[in-house]
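Peer 1: The working numbering applies: residue 36 is where the sequence shown begins, and numbers increase by one.
Hints were generated in silico from the structure; no laboratory data involved. Everything numeric in this text was worked out from a predicted model, so none of it was measured. Treat the hints with caution; some may be incorrect.
Listed next, with one range per pair, are the computed distances between beta-carbon atoms [unchecked claim]: (1) H224 to L164: 22 to 32 Å; (2) R87 to K151: 18 to 28 Å; (3) G230 to D82: 14 to 24 Å; (4) R233 to R204: 44 to 54 Å.
Restricting the straight-line Cα-Cα distance to at most 25 Å, the calculated cross-link-like pairs of lysine to any residue (SDA-like) are [what the hints assert, rightly or not]: (5) K152 to K62; (6) K152 to A212; (7) K142 to E166; (8) K62 to E209; (9) K201 to A212; (10) K151 to F187; (11) K201 to R60; (12) K142 to A212; (13) K151 to H89; (14) K182 to R132; (15) K62 to F112; (16) K62 to R175; (17) K151 to I108; (18) K62 to T75; (19) K142 to H224; (20) K182 to A200.
Backbone N, C-alpha and C define an ideal beta-carbon position, used for all residues, glycine too.
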Amino acid sequence: RNVVIFGGAGAGKSSVINLISGRVRAKVGSGTGGCTLQSTPYMENIDGVQIRIHDTAGLNEAEEGTVAARDAIIALFRLLEGLAEGISLLVLCRRGRITDNETRNYKMFVEGLCQKKVPTVILMTGLELEEPNMESWWSRNGQEFHKYGMTFAGHACITSTRGKAKGGRYWYDEEYAESRELTRRLICHHLREGGTWRVEKTGVVMSFMKTSY
Numbered sequence: 036r037n038v039v040i041f042g043g044a045g046a047g048k049s050s051v052i053n054l055i056s057g058r059v060r061a062k063v064g065s066g067t068g069g070c071t072l073q074s075t076p077y078m079e080n081i082d083g084v085q086i087r088i089h090d091t092a093g094l095n096e097a098e099e100g101t102v103a104a105r106d107a108i109i110a111l112f113r114l115l116e117g118l119a120e121g122i123s124l125l126v127l128c129r130r131g132r133i134t135d136n137e138t139r140n141y142k143m144f145v146e147g148l149c150q151k152k153v154p155t156v157i158l159m160t161g162l163e164l165e166e167p168n169m170e171s172w173w174s175r176n177g178q179e180f181h182k183y184g185m186t187f188a189g190h191a192c193i194t195s196t197r198g199k200a201k202g203g204r205y206w207y208d209e210e211y212a213e214s215r216e217l218t219r220r221l222i223c224h225h226l227r228e229g230g231t232w233r234v235e236k237t238g239v240v241m242s243f244m245k246t247s248y
């Protein structure tokens, strides 16, 4: 089953892959880079479900309307189109406030390339300091996504960092372990419930690619 992770620079996509795996597999960058035209697949087994996680790069603010942005969209389309088994789940990885660029990325993946045919879940990262618990963030802010036309089949509020080492352990070990369980459970649940969908060169998709950026 193919799972595609998307989100802007600095959202913590690579850290989430390492969280899911329980070991360092994806290189964690500075979060300041631009569009990456390559996507690395990572094989993983979650509770007996064999999945292939694709770490992709969304468009960043500075690249809107540029050749780099256009090339990134084309490369992304070719990647998704080339998944012979289709796509089973989209995972938006994000942190911080909702931006216009993020809504564009959402529309590109969910509405444009996947035509709303693929279930989409959201991982809210960077919540290790949230009180009284990480889920509290969603209770206060989850409804805001509807104002931007963004809907999700499920969510998890997590941290993808263990923090600094102190006294033989890490500051956020407890939150990290909880986040790993929440993330794996969320993905596995929606994979077992849903099917797959193949990205194809339909008129709607091609029109979206030509007019959106």
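Peer 1: Against this structure, judge whether each hint is valid.
Peer 2: Hints, verified against the model:
1. H224 to L164: 22 to 32 Å: 27 Å, holds
2. R87 to K151: 18 to 28 Å: 22 Å, holds
3. G230 to D82: 14 to 24 Å: 18 Å, holds
4. R233 to R204: 44 to 54 Å: 45 Å, holds
5. K152 to K62: The given pair, whose Cα atoms are some 30 Å apart, is violated under the 25 Å limit.
6. K152 to A212: 32 Å, violated
7. K142 to E166: 31 Å, violated
8. K62 to E209: 23 Å, holds
9. K201 to A212: 17 Å, holds
10. K151 to F187: 11 Å, holds
11. K201 to R60: 24 Å, holds
12. K142 to A212: Distance ~32 Å between K142 and A212 Cα, so the pair is violated.
13. K151 to H89: Cα-Cα ~19 Å, so holds.
14. K182 to R132: 13 Å, holds
15. K62 to F112: With Cα atoms ~23 Å apart, K62 and F112 stay inside 25 Å; holds.
16. K62 to R175: 32 Å, violated
17. K151 to I108: 17 Å, holds
18. K62 to T75: 10 Å, holds
19. K142 to H224: 24 Å, holds
20. K182 to A200: 40 Å, violated
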